[in-house]
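Working from the sequences, and respecting the hints, build out all of it.
Chains F and X, in that order, give the protein sequences. For the first sequence, the residue numbers in the working numbering are 1 to 360. For the second sequence, the residue numbers in the working numbering are 1 to 253.
No lab work stands behind these hints, which were simulated from the structure alone. Careful, some of the hints might be misleading.
Some residues of chain X that are not near chain F, with every Cβ distance over 12 Å (derived) [said to hold, decoys possible]:
(1) Tyr-13
(2) Lys-20
(3) Thr-158
(4) Ala-176
Estimated spans, in silico, between C-beta atoms of each pair [unchecked claim]:
(5) F/Pro-195 x X/Gly-53: 54 to 64 Å
(6) X/Cys-251 x F/Lys-262: 15 to 25 Å
(7) X/Thr-207 x F/Leu-212: 36 to 46 Å
Where a beta carbon is used, it is the ideal one built from N, C-alpha and C, also for glycine.
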Amino acid sequence: MATRALIGALSRATFRLPTHRFLSVGTIPRFASTLVIAEHEGGSIKAPSVSAVEAAKSLDKDNSISMLLAGSGPSLQEAAAHAVSCHPSVSKVLVADSDKFMHPLAEPWARLIQLVQQRENFSHIVAASGSFGKNILPRAAALLDVSPVTDVVEISESTKFVRPIYAGNALCTVQYTGAHPCMLTIRSTSFQVQPDSTDTKAHKAPISQVDLSTFEADTIGKSQYVKLTSQESERPDLGNARIVVTGGRGLKSAENFKMLEKLAEKLGAAVGATRAAVDAGFVPNDLQVGQTGKIVAPELYVAFGVSGAIQHLAGMRDSKVIVAVNKDADAPIFQVADYGLVGNLFEVIPELLEKLPEKK
Amino acid sequence: MKIMVAVKRVVDYAVKIRVKPDKTGVETQNVKMSMNPFCEIALEEALRIRESGLASEVVAVSVGPAQCVDTLRTGLAMGADRGIHVEFKEEGGLNPLSVAKVLRALVEAEKPGLLILGKQAIDDDCNQTGQMLAGLLKWPQGTFASKVILDKEKQVATVDREVDGGIETVLLDLPAVITTDLRLNQPRYATLPNIMKAKSKVIKKYTPEDLNVEIKSDLEVLQVMEPPKRKAGVIISSVDELIDKLKNEACVI
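In structure tokens form, the structure reads like this:
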């Protein structure tokens, strides 16, 4: 009687196996091992990807860090040569050489990350949170059935992270409690690489080619790269510049932005813009600084004709020194500015051009 | 072709949020809630595609507590044909991966030819759901779209995407997932006749269990804090003073 009741109870009980744990390949590694998804251009590793390695360092003191590069042709091999010594914490460079990776399309890239993870079983996968990482990493996370943590600004422990929410008006500490891999994108402005730590003398990591023989492109949704339309500029890159001068709606025209460019030239600065300026067609979208544009944290940020909307502040509030020039004394920008000048930017900029010392 | 649009109810973009004193989250009681601006843009794009004759139906979907129905009604008032509400009551229990799994189940039921989502929600700023959904479905993705052109005959979408280096153009086979960026369009306001019409449009209700989706959470929010406050600044009176301060006090030039 009791046995029948027991059997009855057992057949009614629902056993929910955490199948994702059983499917994650191999044993769970005891020490951290991280895969950094690296971007490269013109034969070198892009700065945000080196910041991603710097971030990976804080995941665990015994973290073994590998960099994954994909692409095709000589510039890939050059980039791999740069990767081996771009940061002392890189212990291995993985290279996936195929036409399929010639352009940063999410579909083949996410599949590649899944393939590499299934073979190597990293505890963590990290990418910088620029448009490349943001596009690709979540797709890869879905293929691996894990929740990623995006736009991390601080790593407290190997699975504890701080990330901004509500346009940076709040900071959220999250704990990742899922299976390996723990996947994250990091805000490169929060993980600056110390210049002396990139000494290339002693350290060179080995390069290994990723075996793509089982990489089936047909199961991937079909997408095709057509072109990239970008402005050629001699200005330093907005994401890494030491000084940024930004124009807002107050600049009133694309023509007036030329004045700002002259100022940027004199200071050796990058030029940024608010959403309003981009929407109005004064400048192209890649200059936009803000919650949904670029996040910058330069030593000096000078905002001309910028009102200081929450969404813009989200993109520059971590700048070391903020200067605001606006003819409206009540503009919210003055609440975050270290130095505020209430005045007409069309008078201030020419005066600055005249009085600033020449860039050395 | 049917277009499915996912919409999220969030704190209105103009609200100055407050962190709760117990640090468990952001204050959302008695605070104005609205459809996420990027979701409005997604819905607007779907409506324009239908109005141009390239789609027959726009279905708006929302996943979350009972109040999601308000957001769906707004979507119906803008012009969506019908709504689907997948009810999930637990606060903070939904993460993008779970939402993507729910949406995948709905895609299997509804079979849309195109999915349009906002690129990110302005509350959690995750920017993940569209990409994850595309991965689960193995559909191509066009994220951060600033322009979408559909070719019905060839069954492809040409998408201009806002990326760090400028504008990237990709060609996607349909069905595909598109996530919208700010400049894709200017969403319409719901007109009064449409608000009235929306009251009789259907909103179908499901639970995750109905769709065989298990909502599991692998992320735990430990605390929510205010960001460090900047030291108060000074108002200066001349360009000369500014240059002097930047050179000698801040030492940045």
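Hint check results:
no., hint, in the structure
1, Tyr-13, "violated, 7 Å"
2, Lys-20, "violated, 10 Å"
3, Thr-158, "violated, 7 Å"
4, Ala-176, "violated, 7 Å"
5, F/Pro-195 x X/Gly-53: 54 to 64 Å, "holds, 58 Å"
6, X/Cys-251 x F/Lys-262: 15 to 25 Å, "holds, 24 Å"
7, X/Thr-207 x F/Leu-212: 36 to 46 Å, "holds, 42 Å"
Hint compliance for this structure: hints 1, 2, 3, 4 are broken, all remaining hints hold.
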